[in-house]
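K.L.:
This is what each chain is made of:
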Amino acid sequence: MKARSRPRLDVDIRTVKKARALAKRAGRPIVQMAKQHTTVSVERATLRLAGLSGADPDGTPWANRLLDAVRADTGLEHGICLPVWDALLRQDTRDLNRLAQLAAVGQVRFRIPEGRDAARAQAAARKPVAAGIRKIDSRRKERDRLIKRWGDPQQRPWIYLIVATGDIYEDMPQAQAAARGGADIIAVIRSTGQSLLDYVPEGATREGFAGTYATQENFRLMRAALDETSKELGRYVRLTNYASGLCMPEIAALAGLERLDMMLNDSMYGILFRDINPIRTFVDQRFSRQVHARAGIIINTGEDNYLTTADAVEAAHTVTVSQLLNEFFAKEAGLEDWQLGLGHAFEIDPAIPDSFRLELAHALLARTLFPDAPLKWMPPTRHMTGDVFGGYLLDGFFNLAGVMTDQDILLVGMMTEAVVTPWLSDRDLALQNVRYVVNAAGRLAEDFVPRPDGFIAQRCNQVLGESIDLLEQILNHDSGLLDAIADGTFGLMKRPADAGRGLEGVAKKANDYYNPAIALLDEKPAA
Amino acid sequence: MSDKAIIRPYGDTTGDGMVQVSFTLPLPHDKRAEGAAAQLANKMGIEPALVVHAKAMGPDFTFFVVYGRVNHLVDVSQVEVIERDFPLLTPKQASLIVKSRLRRRLVVVGACIGTDAHTVGIDAILNIKGFAGEKGLEYYREFKVINMGAQVSVPQLVSRSQQEKADVILVSQVVTQREAHILNALEMSAAFREAYPADKRPLLIIGGPRFEERQAAELGVDRVFTRGSTPGEVASYLVHAFFENKQRELHGPA
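Sequence lines, in order, name chains A and B.
So the first sequence is residues 0 to 526, counted in numbering that gives the first Met the number 0.
So the second sequence is residues 0 to 253, counted in numbering that gives the first Met the number 0.
These aren't lab readings, by the way, just hints derived from the structure by calculation.
Warning: the hint list may mix true and false statements.
[Said to hold, decoys possible] Pairwise CB distance ranges (calculated): (1) B:N41 / A:G58: 17 to 27 Å; (2) A:E141 / B:V51: 29 to 39 Å; (3) A:Q35 / B:E243: 50 to 60 Å; (4) A:D511 / B:G57: 56 to 66 Å; (5) A:Q457 / B:N41: 53 to 63 Å.
[Said to hold, decoys possible] BS3-like cross-link-like pairs, simulated, lysine-lysine; straight-line CA separation at most 27 Å: (6) A:K493 / B:K143; (7) A:K493 / B:K30; (8) B:K143 / B:K164; (9) A:K23 / A:K34; (10) A:K330 / A:K507; (11) A:K140 / A:K330; (12) B:K164 / A:K493; (13) A:K507 / A:K34; (14) A:K17 / A:K330.
Note that the Cβ used here is the ideal one computed from N, Cα and C, for glycine as well.
With the hints as extra help, turn the sequences into a complete structure.
P.N.:
Here it is, written out as structure tokens:
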């Protein structure tokens with residue numbers, strides 16, 4: 000990130016420190032808990048890093064087939080690596096796909112090796128997993144090289160556009176057209192059902208529901224299409240997808256292997272908005288964040304969701320609390336400030352007085368608290384009513400707030416939000432709106448210095464104060480954050496730790512649990 | 000003016016018939032494209048058509064804004080609408096009716112079914128926060144509201160309904176592809192008919208921007224709510240339908 004003057008507010012440094020300390024206290028026990036558990040998806044991600052790919056004729060990935068077979072014989076608590084590489088050594092093959100095929104027809108029995116066998120299995124597992132991580136390292140270097148060659152966008156914020164046809168071969172030309180039209184980041188929205196699938200679909204896909212499936216092949220195809228357009232435009236166009244839902248560790252690994260550049264990846268979104276089991280989510284989260292850290296991927300967190308389900312003024316502090324928690328969990332997993340695309344959104348009811356000032360206050364608070372994070376600024380959706388003319392104006396104010404408060408990633412708002420999936424003309428008009436505002440406002444952020452005792456400053460301090468109250472309220476629960484999530488502290492959603500989707504895919508690690516990926520990801524990549 | 004049965008669109012003079020449309024044609028922007036836009040407008044009944052704005056969107060497409068006069072007449076007497084056939088109640092009035100007539104809370108189970116992940120509609124109706132200045136059904140003291148959220152399967156919804164002894168089922172469909180919202184609604188109503196005897200079946204209400212009010216019978220539900228419906232309307236309807244419709248037998252106190 001270029002060094003430049005950021006707009007900021009004078010908030011009391013001690014209050015900010017206190018808020019961070021509280022977030023750390025709330026988050027630390029969760030990290031401990033995450034370290035003590037594993038999930039089917041973490042283990043499958045490990046297999047994928049080790050090179051297992053493809054699917055059986057019914058479309059079930061080999062990673063799932065192999066994991067299910069191993070789990071039936073040895074359980075999940077020892078991890079996948081010991082039984083799998085023990086079996087490979089005994090079968091005298093090094094081919095994971097071959098082993099998965101044999102396991103699928105019941106020709107392999109798995110066991111937990113002991114003594115020297117265990118040591119040999121560990122060593123054998125470490126090698127291919129390390130090779131997978133080296134591949135992620137090399138994709139990261141490749142990205143750095145291409146950014147150097149083709150360059151970053153000339154302006155801030157970076158312009159983020161969504162593509163979603165369901166058909167990857169239709170998405171590619173649309174994404175290329177969007178990039179030529181000015182998009183710096185292309186996000187391929189996922190098919191709506193995917194977050195609840197406990198497997199990653201395979202191959203290039205041509206049908207989806209309100210989005211396109213996230214698959215390794217789709218990732219590869221889209222990245223290649225954007226590389227072509229980046230070269231043509233002389234500007235590296237970034238690609239975004241979703242590491243969320245039941246398969247987030249695997250999708251993170253595939254994103255690293257296919258050089259995706261940003262991933263939606265929120266610490267609590269799946270729990271609160273998809274009713275995925277809290278433990279499953281936090282374990283999967285930690286692994287996926289470690290992968291993202293290693294892969295040089297910028298994560299995008301989902302604080303906008305708090306505002307689309309609750310009142311954006313009353314719930315402003317829940318955004319700040321979530322940002323602080325996301326920051327803690329991200330840094331603990333090795334992500335650096337430049338990788339934290341913390342989210343927030345322009346969702347205040349435009350009918351209330353001073354709504355724009357309130358938006359500026361909230362956006363500026365995030366800017367002040369996270370000066371080095373590439374904040375992601377998300378457009379109005381709740382108060383887009385079908386009045387496309389009013390919506391276009393609202394999007395203009397959203398763009399202006401983004402420029403004034405120096406946001407880094409601007410998700411382009413569509414005037415037809417809540418009416419249709421964006422038409423070609425909607426996208427073009429939306430980009431004109433952004434271009435006009437960015438161009439007309441220029442570096443207005445440098446001049447935007449709210450009065451120290453004015454409305455905006457006071458509102459910032461109020462929201463920060465409410466955030467501290469909420470964090471304290473979380474810590475007053477017996478088991479902190481988990482209990483707070485269970486009793487509906489976040490919105491009205493009650494999510495107990497012993498319920499929710501994907502719980503059956505969680506296991507407490509046994510003493511001999513072994514997974515080289517986690518240790519390798521904790522190391523720094525070789526420069 | 001309102002008592003006239005035959006009307007035309009209004010620009011700035013009564014009867015001028017002026018409308019404005021915008022569209023995109025898959026043509027590069029040139030004179031031929033503008034002519035094509037005018038031709039389309041003419042075929043839409045806009046005559047004369049004024050192409051006031053044309054802009055290239057990339058090399059292969061052009062966006063147009065067209066103003067002009069339509070030659071169509073609208074016969075208001077032929078318009079079919081479903082007028083609200085129930086009184087609007089305040090949360091207090093609705094709760095009072097439930098309390099005095101049912102002597103237990105009215106159980107409402109809501110969900111987005113199928114792959115639809117958009118809870119904005121169901122949340123607007125159910126969450127305390129509500130919509131359009133009206134509080135959601137959770138605010139009604141005599142309603143017990145269970146919001147199952149998004150991506151709920153029909154069997155999950157039916158089993159939860161039985162478990163909670165639901166009086167009313169609210170289903171929302173916001174973002175769906177092709178005709179999935181119709182198919183989902185049909186699947187849902189069929190499943191409830193199968194799972195319950197006719198007189199014990201909960202009231203089935205479906206809502207979403209792509210439905211039409213007239214579709215209720217075709218979908219097998221008791222009522223359809225469309226874009227812009229408020230929690231107050233839904234609550235008033237379900238109290239009315241539950242207590243005032245003489246065909247419906249009460250389940251009686253649980």
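K.L.:
Return the numbers of the hints above that this structure violates; sort them in rising order.
P.N.:
Violated: hints 1, 2 and 7.
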